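Protein chains in written order, with my numbering: chain E, 1 to 262; chain Z, 1 to 581.
Since the hints were made in silico from the structure, they are not lab data. Remember, predicted model here, so these are calculated numbers, not experimental data. Accuracy of the hints is not assured; some may be wrong.
[Said to hold, decoys possible] Not close to chain E: a few residues of chain Z, all C-beta gaps over 12 Å, as computed:
id: 1; residue: F9
id: 2; residue: I24
id: 3; residue: L40
id: 4; residue: V53
id: 5; residue: F122
id: 6; residue: V126
id: 7; residue: L169
id: 8; residue: S235
id: 9; residue: P335
id: 10; residue: R376
id: 11; residue: L396
id: 12; residue: Y410
id: 13; residue: V411
id: 14; residue: Y413
id: 15; residue: G438
id: 16; residue: G468
[Stated by the list, open to error] Rough simulated footprint, nothing fancy, chain E against chain Z, three-plus residues with beta-carbon under 8 Å:
id: 17; region: 78-87
id: 18; region: 129-142
The beta-carbon is built from N, C-alpha and C at its ideal position, and this holds for glycine as well.
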Amino acid sequence: MALLEISGLSKAFGGVQALRGLDFHIDEGEIVSVIGPNGAGKTSFFNVISGIFSPDEGSIIFDGDDVTHHAPSEVTQRGIARTFQNVRLFANMTVLENVMVGQHCRTKAGILGAIFNTPSQRAEEEMIGEKAREILSFFGTRLAGYRLDQPAFALSYANRRRLEIARAMATEPRLLLLDEPTAGMNPRETIELTGKIGEMRDDRGLTVVVISHEMNVVEDVSDRVVVLDHGVKIAEGGYADVSTDDDVIEAYLGRPAESDDD
Amino acid sequence: MKDLRYTRFLGFISGLTMAFTGAIGMIEVFNQRTLIDPFLTMGTLMLLGIPAVIGVVAAKGRSNPLEGPTRDPLRGALAGLIMGLIAGVFASLFVLLVDTVDLTEFFPNLRPAMVDAMTFGFGVPVGLAVLSAASGLAGAAGGFFSGMSADIRRGMGAALAWVLGFSLLQGVVADIVEVRTVIRAIYSPQDGLQWWAALIIGALAWWLTLRYQGTGKTFAKRVREADPKGSLRRSLIGLAILMAVFLPMLLGGILNELLINVSFFILMGLGLNIVVGYAGLLDLGYVAFFAVGAYGTAVLTSPLSSTVNPEMSWWLALLVVIGLAAIAGILVGTPVLRMRGDYLAIVTLGFGEMVRILLLSDWLTPIFGGAQGIRRIPGIPIPFTDITISGVDPQLFIYFTLFFVLIATYVSYRASTARVGRAWAAMREDEEVAEATGVSTVSAKLLAFVTGAIIASFAGALFSAKVGAVFTNSFDLLVSIVVLLVVILGGMGSIPGIYVGSLVLIGLLGGPKSPGLLAEFGAYKLLFYGAILVFMMLKRPEGLWPSKLRSRELHIGELSQDAWLEKKGEFSSADGEEATV
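Only chain Z is shown next, with the shape it has when bound in the complex (with noise of 0.2 Å):
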């Protein structure tokens, strides 16, 4: 009884959603692109997603957490069909209402079109009953999977990863110039993997998960045992700087301009790790060290910008950029030296807009260009010789991007286990305590903002060199908001997570002002934003590739004394993990 009231209930959450969905015209963008040619578009994977997902959720039921989910497929099913039939009744309902009312004065986006998204094109008698059906099945789908053996749910989610990926990431697959034939045999002329494809691609991947699941974790191991030195993961990382050195040529156009867009963020990703994940200073004013490194490149190298005008090369402009950015840290850092927290976080956000005010006002237009920003930046010259190279070249671009990733990656690791990352550490565990431990905290946190201010500014400083031009609006909230986001997606404090973060943020849903992989996201990207950071702070606070320290913290009170010494293994390997950054 009470279990069927939670199915219930799971019911009205997913029906909800769904017409939530339909209603803001997120199925009808989704339609456009074909995952699979020629049943699935994204539009009906998102729709039946939902009940699917929260299928697996009804199957578990109100399961007692000592003992862990009842795994029953039969049961799971039921439950899963009963929650998507309620789910497919809910949203039918909707769809009808919209059908029957012309509610489009209101709400621009419940028109016809979205009836027939949401009726899979059956209109809405049949429709309604297919709709509901659907639901219903894909509810049970999901219950009953999540019913089985861990063999088959692991296979099962390797197929369906695997599948999505390559469906999803066509244009990243079809713009790797070298395999382009090849490749492109598998996806149909149209859009969309063809159905053949995906089930091949799936069964490939069932049985090679199954084939050679856990080998990965025992050749890691035994990786650590043959080469205790860790010279072989020396050379592999040198592996992955030469791939990340050959990568970019392989590379098409598009793909360069999203990663160029993607080692922005991990930049300014690792400026604000330093900053709020490794001293525990909550800045949401980052963009305006981001916006100092950008206009100040500007004003330095533009012969544009009207009054200050001495047309540096980029590389002195940088060196000066760095003194500025410096100064900016400074300026900013020390009037909060005493706030904490919440307080904190609120200064810091009027500061980042007081920047963009300023660059906008009438007083700086001179300098700044105001609302006409500044254009005609040049590019980057390469020393000796007579190349400039900007943003019209991606391919070549990027490794001046890489450049700076790897220099802040170097100094963000070399920090964080020296002194001054143990002072930062120690401030964010407890300033009162590391003050009495002898850390001047005062030092610590201006130290803090210059080295994050600075890291901001090479991304800034490359903006304006690839764009070729500043304005205002690159500038906003958004962008610190975003930057915060990537870094707890991937986990603060942790350099890897920052890579993970920014790829997975930037690079799939693409940035505030740039489209990602998933271009259909572009309008629901605030939404996507939203909704992900909503579920990292439930389900995974630690991010995704998690500091060790972090994840020590936040779940301090699963670890009694006894439960770590238990855990110990797990511990240490995550420790080699993070030692290969």
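Chain E extracted, bound-state conformation (with noise of 0.2 Å):
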């Protein structure tokens, strides 16, 4: 059965219908590429499953559950970890804050354990720190020694972008939602990440979404591709299919000349 099962998926924005009857479903341990010219609707489409938009009309089933109309916080719960295409961390927390702010839900120390300093929350704490540590060195030493402590706004592009990885594996999913994960990165680093990201599924029993623009990112990462125009799927499939296909081809450079003769 697949991890993730939508169906129907519409969401329109006053007069604009950002996602029209959307069906898409991934399978554990998948890896797909959502890709689709501007405005095509992609980061809405991760919005409505992380639960930050309710959808109009559709269903989200995740593991089983179904997930349509909860509050991002229960759907992060769930098991569902996204980031954001504009990076968004807490920019003036500490690295290491940032990805145990990640660990909230699976934790549970409350005010009166922190106030009465009970030896269960600080055996939590120290856990929670330790667990961070361990997924910042997913990213080897580029968010690891004294970055820890440093506020994430003094982070490099390209290590904010990291850390947002990182806190979004902190909360332990099964599937993660990549927004663009490797924009405004040198080709050095989107090869380094690319890796990575394989790495997610492999090491670490990830299910993988992936926005992109980027065609060899896609290329490389990818089980399936879906590509999708104005809201609609148009596509789906291999790389090589999709990259191929007329309707995509259409989509992202027009109607072709000579099809105006028709």
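Quick one: dock chain against chain with the hints and give me the complex.
Rendered as structure tokens:
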């Protein structure tokens, strides 16, 4: 059975129909890319899945449970984490704290535990710190050492992207939604991160949906590619098939000149 | 040419301010207090302090921000002099106008007494010249000193601060019981510091500052190196607590009374700090929770509250009140869950007023006494004894307030560094992302409101036990605003900041209903509250003792990645200071 099963998803903002009856599924352990021209509805798609927007129609079934109109924190709690297109970190918190916040939904110490400094609360805090360090070590030395205590805003652009991914991973998701994870990175960093996305699946058992504009990333990373345009799925399949699909080429480049003759 | 125009502009500003302080009667009132016998009154200080301070600004001129100010005492003095003279002439013209045209019908403050106060008692023709000249000299002095070397500026600053401190805080110094006779010798029998004492204190402060300058920092650094585990720091905190234990015994009744007031605002400040500083929810109706605490305790303990009359002991009532405050926190928090920023502020402001109006309403008069309030609230019984402590004995009562301040401090500190604190910080930074990262903002917000409400209810319970009576006018909007001002002044999100803010604001200027050390400010308190707020927002939005998080936030533009690395040392020292609380 599919890990995430979406059917007939629609969302309109005033007169703009961002998503129209979208069907989508992803199996456990798959890496799927979502591509499409600007304004195709890719980010709206993520926003609806992660609960930030409630869909007008359609259903989202995650691991057998209906999560259609759940609050974002509940969706995250159930195991769907995401990153944002325009990196949104807790800019003034340190790198480590950013990731520790990710552990929030997996821990439970309350204010009373904090006040009375109970042994279980202390143990939990320690565990949160350790987990956060472990997750940051996924990116090697990039986010280690003195960087742990740096405020997030002091990081380089690529590191901010990495930190945002680490924060999402800290929620211990089963499904990770990455919104343009390589945007603004140089070619070397892009290749490195592409490799990391593969590792997420292979070493950590994550299922990943990636939105990307960079076709070499899409080609390298995805098992399957879904193409959106004007909120409709126009193509789906392997990269080779999709990249030669007429509808896809038309969506990106417009109608070929010769077809004007018909 | 450009500089001259700027100087002229500052002169007008300065003159306008001088005329304004005169027109609102401030100089007259402040003249009643002598600072240094026989020549300096508070009014004179206020009047000439304006051109002196603006003289410093004028001396700096419109310097290129990249080069920094050019320091040249003589040029500075000249700029200050021109500025001061313009200001003095402007102010003199105003005085002349008041003297010739009788405006008392419309502006009761514009009367001969004001003319007298602003001309130092010399009357119109002579006094105007004196005012202009004095203003020019004050401006020149300001400009001259701002052009001197850093050492001299620092020494001068210290000397001024100490002399002013000693003279302004005469009440405190004279109220310290044990050393009364020694200390009192430096004050004149009428009022104010003896002129020779002012000279000695100034010289001493100057010398000490230059002698020991910089050693403070290296000392702090040395301590940190010698004491990496912080055990010394902990013992220093212990010492501070010990001092807090014995201090009230050394202080007289007036000071203890004042300290109790300060602690009420520290308590409320700490509570509001959780809501505003940690969770980022601007609550302008915070007084509602203070009222719940005070009225809750009053109804439960006083034998006079008409219908509901359980006559509980204060401690039992406190437990009930905590529950009531938690409910109030949820009641206020739930409807505003979806609101942010300005909208939240306005709605909470409405809630605050609603509570006050409800307490006054005919409908609830049988319970809360309406405008009559509730009286005969007993004090706080000490368990296992027959002793009851109430506000008539401030020397003992202060221990209760300090006890609750300690509790609130501890709660704030623990919560801010724990999982809930991180959730609040994340929510304040970006609510939507916090939610998407798995933080339930609904429960985080409610928790912040409830915790803040409970801490305010402590203050309320203590307040009603201290005063022995509650009336609705103790719970108006101004209280909410002053508590917020305490938090802003000290530094949002900073626990030591709340202490500093409350000591400075409530201790010096006074609370909304209580006088501070500078009782002369009483009538102009609101003016100063406003001035402080504007000044802080412009010059130091992170507060007097900022939290590291806030100062990062507000200076984000100044700290690019590289600059941050250079400043790393500074940050870690700031962290160290915060950890001591």
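Against the structure, the hints:
no.	hint	verdict
1	F9	38 Å, holds
2	I24	41 Å, holds
3	L40	45 Å, holds
4	V53	33 Å, holds
5	F122	56 Å, holds
6	V126	59 Å, holds
7	L169	37 Å, holds
8	S235	20 Å, holds
9	P335	18 Å, holds
10	R376	35 Å, holds
11	L396	27 Å, holds
12	Y410	7 Å, violated
13	V411	5 Å, violated
14	Y413	10 Å, violated
15	G438	3 Å, violated
16	G468	31 Å, holds
17	78-87	violated (count 0)
18	129-142	violated (count 0)
When the structure is compared with the earlier hints, violations turn up for hints 12, 13, 14, 15, 17, 18 and for no others.
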